[in-house]
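S.K.: Use these hints to put chain B onto chain A, whose structure you have.
Chains as they are written, first to last, in my numbering: chain A, 2 to 309; chain B, 77 to 331.
Keep in mind the hints are simulated off the structure, nothing from the lab. One should not assume that every hint holds.
[As the list claims (entries may be wrong)] Derived contacts from chain A toward chain B, CB cut-off under 7 Å, selection only:
1) Val105
2) Gly127
3) Thr133
4) Lys135
5) Ser172
6) Lys178
7) Val293
8) Lys306
For glycine and all other residues, C-beta sits at the position ideal for the given N, C-alpha and C.
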Amino acid sequence: MSKLANVWIIGEEIPAINELTAGAKTLGGQTAVVFTGDEEQTAQILGVNTIYYLGTLADKILETYTPSIIKLVMTEKPNLILVSNTRKGRLLAGTLAAACGTNVLTDITEVVAVDNGVQSQRMVYGGAAFRTEKSTNTINIACVGAGVFECSELPASEKVVEVEFVAPSVSIKCLKKRAKLGEKVNLAAAKRVVGVGRGLKAGEDLKMVEAFAAAIKAEMGCSRPIAEEEKWMAKERYIGVSGVMLKPEVYLALGISGQIQHTVGVNQAKTIIAVNKDKNAAIFKQADYGIVGDMYKVIPALTEKFQK
Amino acid sequence: MKIVACYKVVPEEQDIVVKGDRTLAFDKAEWKIGQYDLNAIEAGMQLAEAAGGEVSALSIGGKMVDNSKLKKAALSRGPEQLYLVADDALNAADCYSTAATLAAAVRKIGGVDLVLCGEGSGDIYAQQVGAVLGQMLGYATLNAVSKVTAQGDNLIVERTLENEVEVLEVAPPAVISVTTDINKPRIPSLKEIMAAGKKPATTWGVGDIQTELGNKTEILSTLAPVEADRKMIILEGDSDDKIAELYEHLRRVLA
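Isolated chain A, as found in the complex (with noise of 0.2 Å):
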């Protein structure tokens, strides 16, 4: 495999930026982390050459540092720039594509270097096909989101250099910053998921679907009408929309009739089992194990088999 002289990484979290790192190993000969945050944390972003640091959030946002970035990034010229593909890791993607004259590579579900650029492929039309592109710029970035790079272990980084501030010529102001209400998951990363689907009938019978992931430890997702038509889940337990690709090792369907749209999020699932009162539905073609049956019967029964 091509490898690239230099890839980047730009992250808010450590143990993404670490997992992109882990990836960006894979690729490219010298490595780098762009970072802002507080300066203690650098001592926790492994495996890299370089750990660029422009400062802290304390009194700023990450978009204060963006033509900082782009400067050191314009100067520097790396071959690749992996970005943690969060909101904000997709807006100075974009900011930097724009500068650099280059278009993202977004939610990508594998990378390979290839002629001095990147091969990548990615899901479009809501999961009816798989695209695969090419980007073969002086620059290329690509926006990764969770589990597509395997962790390893890396030791620690080499230097840290602190980067010159550029002041924004645009005026935003940070007011003020408060936690999000709700809880925070990561469907990604799960080794086991739950998914829920139209079967349920009511928001209450979450319980039920709840008491057995718990049995299982099994992290819980849904199909798309349960978050966006119900609103009984969280949006970012859906499973199937862009960006939430499963790659868990079991994967459980419990009441979901397995439209494309769906299955193709959790197709890279190890075993899939499936439970649907409708022998004909969709989901039983993509399943390892199936049963015909209400899941108001059969979830119950076997929540209490492995709580034994």
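M.R.: Chain B only, in chain A's frame:
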């Protein structure tokens, strides 16, 4: 405030046909305004209704965007006028080319204070065009915006991130990409649809605006996924015996 709301014309997903060679066929597909872009148009209307101002809609794409049904679909949702860059040279535009064309159109419209985009396009959902467009125009640029209000000459926006909500004061001109939660797009009445046909629409070709076309990434293929080989051991019926059998399979898988 002069507001421009951008939208993309996308195929109805349910009409996309997967062919034998796993490529996709769009000939039977109905075309529509991307669902996330309806939130951008609605956000523009609500802001103009609350703070005063004028909303225009803007779309770029192949010649098919210049279709009377699609134009009415945009204008019936409130914008006073519509601008299109309709040119088959834009059929396969990537996010970079799309943003470059939108930037040229926004400059040609002139005096724009706020450009609104949806969270992502309804078909590709790369969520990049707003970010690229903002940088190209040199405007203040934000995404994930779940609330916009005017305060004097400035905008107060709320930005819903993974773990927190930022409340920001932004000085226009700005490019803002809104979330799907920001509002519930209005459903136009028959009267509004009829009236939409009388609103002004300006159609440009690529040659009419100052833009440099050229995709920065190359599409090698777009193929339906190969179905994984599955065991398909399906038990019929939910008797205690069958549940016990499923439990045994599950127990082994989870071991």
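S.K.: Holds or violated: the hint that Ser172 (chain A) contacts chain B, with Cβ atoms closer than 7 Å.
M.R.: holds (4 Å)
S.K.: Tell me if the interface restraint on Lys135 (chain A) is satisfied: Cβ within less than 7 Å of some Cβ in chain B.
M.R.: Nearest chain B Cβ about 5 Å off; hint holds.
S.K.: Was the hint right that Thr133 (chain A) lines chain B, CB cutoff 7 Å?
M.R.: holds (4 Å)
S.K.: Does the nearest C-beta of chain B fall within a distance shorter than 7 Å of the C-beta of Val105 (chain A)?
M.R.: holds (5 Å)
S.K.: Hold the hint about Lys306 (chain A) up to the distance rule: shortest CB distance to chain B must be less than 7 Å.
M.R.: holds (5 Å)
S.K.: Interface hint check: Lys178 (chain A), Cβ to nearest Cβ on chain B, cutoff 7 Å. Holds or violated?
M.R.: holds (5 Å)
S.K.: Please verify that hint: Gly127 (chain A), Cβ, nearest Cβ of chain B, below 7 Å or not.
M.R.: Holds: closest Cβ of chain B sits about 5 Å from Gly127 (chain A), inside 7 Å.
S.K.: Does Val293 (chain A) meet its interface restraint, that is, does its C-beta lie within less than 7 Å of any C-beta in chain B?
M.R.: Cβ of Val293 (chain A) sits 5 Å from chain B, so the hint holds.
Consistency note: the structure conflicts with none of the earlier hints.
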